[in-house]
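Chemist: Using the sequences and the accompanying hints, generate a full structural model.
Same order as they appear, the protein sequences are chains L and V. Quick note: the first sequence uses our numbering, first residue 9, plus one each step. Quick note: the second sequence uses our numbering, first residue 2, plus one each step.
For the record, the hints were derived by calculation from the structure and aren't laboratory data. It cannot be assumed that every hint is accurate.
[What the hints assert, rightly or not] Result set (DSS-like, lysine-lysine): computed pairs, CA atoms no more than 25 angstroms apart in a straight line:
1. 97/L / 10/L
2. 54/V / 266/V
3. 10/L / 29/L
4. 97/L / 63/L
5. 305/L / 178/V
6. 185/V / 305/L
7. 185/V / 180/L
8. 339/L / 324/L
9. 178/V / 180/L
10. 269/L / 339/L
11. 29/L / 315/L
12. 10/L / 46/L
From a predicted model like this one, the values you see are computed outputs, not experimental measurements.
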Amino acid sequence: MKIFNFHLMPYRHADLDAIGKHGTAWVTYSNRDYDPQKGAELYHEYLDQMELADKLGFDGVCLNEHHQTAYGMMPIPGVLAGALARSVKRAKIAVLGRALPLLNNPLTIAEEYAILDNITRGRLIAGFVRGIGAEYHAMGINPAYSQERFAEAHDLIVRAWTEPGPFPYIGKHYQFKYVNPWPRPYQNPHPPIWIPSQGSGSTIRWAAQMRYTYCQTLAPIAAVARFFQMYRDEADKAGYQASPDQLAWSNTIYIAETDEKAIREARPHLEALMNSFLKMPTEMLLPPGYTDSASMKRVRAAKIVGKPQTIEEVVKAGVVMVGSPNTVREKLAEYQDLAGFNNSLTKTQFGTLPDDMARANMAAIAQEILPHFRDRLPQGTRREAAE
Amino acid sequence: MIGEKMADHSTSTMSVRDCRIQVMRGGSGSPMLFLHGGGGLGIWLPCMARLAKKFDVIAPEHPGFGASDTPEWLDNIGDLANFYLDFLDQLDLRGVHLVGSSLGGWVAAELAVRNSTRLASLTLVGAAGIHVKDVPQVDTFLSNEQQRIRDLFYDQDLAEAVIASSERPELEDAALKNRMTTAKLSWQPRSHDPNLRKWLHRIKVPTLLLWGANDLLFPQEYAFVYQQLIPESQAVVLPECGHLPQVEKGDEFAAELEAFIDNQKIAA
Chain L
9 MKIFNFHLMP
19 YRHADLDAIG
29 KHGTAWVTYS
39 NRDYDPQKGA
49 ELYHEYLDQM
59 ELADKLGFDG
69 VCLNEHHQTA
79 YGMMPIPGVL
89 AGALARSVKR
99 AKIAVLGRAL
109 PLLNNPLTIA
119 EEYAILDNIT
129 RGRLIAGFVR
139 GIGAEYHAMG
149 INPAYSQERF
159 AEAHDLIVRA
169 WTEPGPFPYI
179 GKHYQFKYVN
189 PWPRPYQNPH
199 PPIWIPSQGS
209 GSTIRWAAQM
219 RYTYCQTLAP
229 IAAVARFFQM
239 YRDEADKAGY
249 QASPDQLAWS
259 NTIYIAETDE
269 KAIREARPHL
279 EALMNSFLKM
289 PTEMLLPPGY
299 TDSASMKRVR
309 AAKIVGKPQT
319 IEEVVKAGVV
329 MVGSPNTVRE
339 KLAEYQDLAG
349 FNNSLTKTQF
359 GTLPDDMARA
369 NMAAIAQEIL
379 PHFRDRLPQG
389 TRREAAE
Chain V
2 MIGEKMADHS
12 TSTMSVRDCR
22 IQVMRGGSGS
32 PMLFLHGGGG
42 LGIWLPCMAR
52 LAKKFDVIAP
62 EHPGFGASDT
72 PEWLDNIGDL
82 ANFYLDFLDQ
92 LDLRGVHLVG
102 SSLGGWVAAE
112 LAVRNSTRLA
122 SLTLVGAAGI
132 HVKDVPQVDT
142 FLSNEQQRIR
152 DLFYDQDLAE
162 AVIASSERPE
172 LEDAALKNRM
182 TTAKLSWQPR
192 SHDPNLRKWL
202 HRIKVPTLLL
212 WGANDLLFPQ
222 EYAFVYQQLI
232 PESQAVVLPE
242 CGHLPQVEKG
252 DEFAAELEAF
262 IDNQKIAA
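Modeler: Written as structure tokens, this is what we have:
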């Protein structure tokens, strides 16, 4: 298994009470709460953690993209990836943005990723996402065109990487007389494309058809297993057998000497992530047109948005792994076998977790987890079990 | 009561080119085309029943809303404006009193700018379409359903009654469809087209800006800016009234509309 160090870069000094009163840390939560002195320190702290992950032997580092929120300070992840492109010497750099539909000129993503791929001499993983609903409020992009714009921007970028330019591109949303970006990507034909999603059936089908690596965001392991099986089924339908390398699960690990100590230490920081940084009203998460009516009705019926969660609940559901090294090893192996993935995108810093604890956690993972999973593949008979 | 209401209008389906839409129609006299807002067609309102005594009231459900088709070509308000020009041609309506509420007002203004030869008058009610600087507006896309309804009305008892009647599962599909199309047509630039105000001077028919004094979506400043931009226009602001005068102040709404149209006849 490949284990990546996945950072959200939260503004961990945010006033959680104020977020609680306001109801969300997104879009309408005032940036008056952002202190540039503290923010500057955080950028260095987090970039240092990513460089440490490289030295500790993590297979890669992951950045992501969200806009106008204390949840994460990476609205333009390419800037952070650029800051790491020369200091992260060995690990892959996965940008699990870019939210293609938010861009009025997606050719800039073809350029940005190609530069990163050149500087890292082919260590870039190119993420393509639609962004969550909140970004459409934040960035003034029509959610009803999100899927169309994603499809068109994706086609444009891949063509820009693979077809000799210049050529014209005339789409519904994007039009260019000349598509001819310099540089071209370092990797041939282009960097691996990864598709993070919350579990949309159409996205899973498309990713499987395109043979792109599918990354499941924050979800209970049972749901993750279901989504990954959907991917394998779609691959079968497309006429090939999916490799576990095409599946990545985004999770969180926190390790201490004992389960009790780990839970106690992680609790306030993880619950801050779940209950303060992630919280938003349904209207913000799912603007009209962002997803189809059927999915919208499912979410509304489930009323899943905004329920406070305890660390015990998310541990039990297999959203996160918190405990002694032995516990976490057992859980990760169990989950790998259950869901059949070969990439773990692991948050080692989360919520308000301070630097010293994050670094100790990373060191513990490097020592206690990484060596045990380096050559481990998913075991068992998932295909048969699913039938 | 219901029988009486049923008798004064009918609901049918018609096709304009490739698109099937639902239409409520009742009364006789000069045609009055009523274009609904983002909330959808709704019911045959008491004010429509009253107006149907003097006019041939036609209330279509826009493409992309409720029981009407969602055609491939529907991308923006201009598409709807052109669709209704086709609609007027197909029904061969002349001397039309065009009334548009909210998003429907925006459609009506775009239509009148393009071609007002079939129009006798234009009435915009709490209309979107332009942007007026420094006027606070509620963000209907960030409010939950109940708050959204409360923001529509001045009379909060009426709002509660509307909330109670809207919480029916059988309405959910249409409501989601309406919200999706409204987002598609009005998300960005939010509820306006920066180009529209450049051409409002081309509206050559008498125009009434009929607004609720307590409209939180497009506050009454919008009526006065529209009035400055449309040559033959007058503004009437109804007190103690929110975004939907036709619902909240149906009698006053109908009376103002009748008086405005009567005055045009005298002037002519």
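Chemist: Against this structure, judge whether each hint is valid.
Modeler: To see whether the hints hold, each was checked on the structure:
For a cut-off of 25 angstroms, the pair hint linking residue 97/L to residue 10/L stands: about 17 angstroms separates their Cα positions. In summary, the hint linking residue 54/V to residue 266/V is supported, as the alpha carbons are separated by about 17 angstroms, within the 25 angstroms threshold. Using a Cα cut-off of 25 angstroms, the hinted pair residue 10/L and residue 29/L is violated, with the two alpha carbons roughly 40 angstroms apart. Only pairs whose Cα atoms come within 25 angstroms are accepted, and residue 97/L paired with residue 63/L is accepted, the gap being roughly 8 angstroms.
Our distance criterion of 25 angstroms between C-alpha atoms is met by residue 305/L and residue 178/V, whose separation comes to about 11 angstroms. With a C-alpha separation of about 19 angstroms, the suggested pair residue 185/V and residue 305/L falls inside the 25 angstroms cut-off, and the hint holds. Annotation: proposed proximity of residue 185/V to residue 180/L holds, straight-line Cα distance about 15 angstroms (limit 25 angstroms). With a C-alpha separation of about 11 angstroms, the suggested pairing of residue 339/L with residue 324/L holds against the 25 angstroms cut-off.
Note on residue 178/V and residue 180/L: the hinted pairing holds, with a Cα-Cα distance of about 23 angstroms set against a maximum of 25 angstroms. With a C-alpha separation of about 17 angstroms, the suggested pair residue 269/L and residue 339/L falls inside the 25 angstroms cut-off, and the hint holds. For the given pair, residue 29/L sits about 15 angstroms from residue 315/L by alpha-carbon distance, which is consistent with the 25 angstroms threshold. Straight-line distance between C-alpha atoms of residue 10/L and residue 46/L comes to about 33 angstroms, which puts the hinted pair past the 25 angstroms bound.
Violated hints, listed in ascending order, are 3, 12; each of the other numbered hints is respected by the structure.
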